[in-house]
Amino acid sequence: MVVSLTRREILEQLVRLGIRDWRELKQACSGFERYWRRQFKPTA
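Under the working numbering, residues 1 to 44 are what the sequence shown spells out, in order.
Hints listed in this document are in silico derivations from the structure and should not be mistaken for laboratory results. Since the model is a prediction, treat every value here as computed from it, not as a measurement. Yeah, the Cβ is synthetic: ideal placement off N, Cα and C, and Gly gets one too. Incorrect hints may have been included.
[Claimed, not checked] Across the chosen pairs, the derived CB separations fall in these ranges:
| # | residue 1 | residue 2 | range |
| --- | --- | --- | --- |
| 1 | Lys41 | Arg7 | 26 to 32 Å |
| 2 | Arg38 | Gln13 | 28 to 34 Å |
| 3 | Arg20 | Phe40 | 25 to 31 Å |
| 4 | Gln27 | Thr6 | 25 to 31 Å |
[Stated by the list, open to error] Listed next, the in silico SDA-like pairs over lysine to any residue satisfying Cα-Cα at most 25 Å (straight line):
| # | residue 1 | residue 2 |
| --- | --- | --- |
| 5 | Lys41 | Asp21 |
| 6 | Lys41 | Ser30 |
| 7 | Lys41 | Gly18 |
| 8 | Lys26 | Arg38 |
| 9 | Lys41 | Arg20 |
| 10 | Lys26 | Lys41 |
| 11 | Lys41 | Trp22 |
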């Protein structure tokens with residue numbers, strides 16, 4: 001089962017973690033997306 005979060009859900013979680021600055025939010029969101037893309041990348 002793969003759980004997928006929307007960008008809005010990711011941003012809401014990051015705000016709950018205390019990230020408030022817009023630039024930090026964008027950077028953290030991108031990092032979060034990269035991390036999960038790598039986790040679910042199919043292996044050959």
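Unmet hints by their number, sorted upward, for this structure: Result: hints 1, 2, 4, 5, 7, 9 and 11 break, sorted rising.
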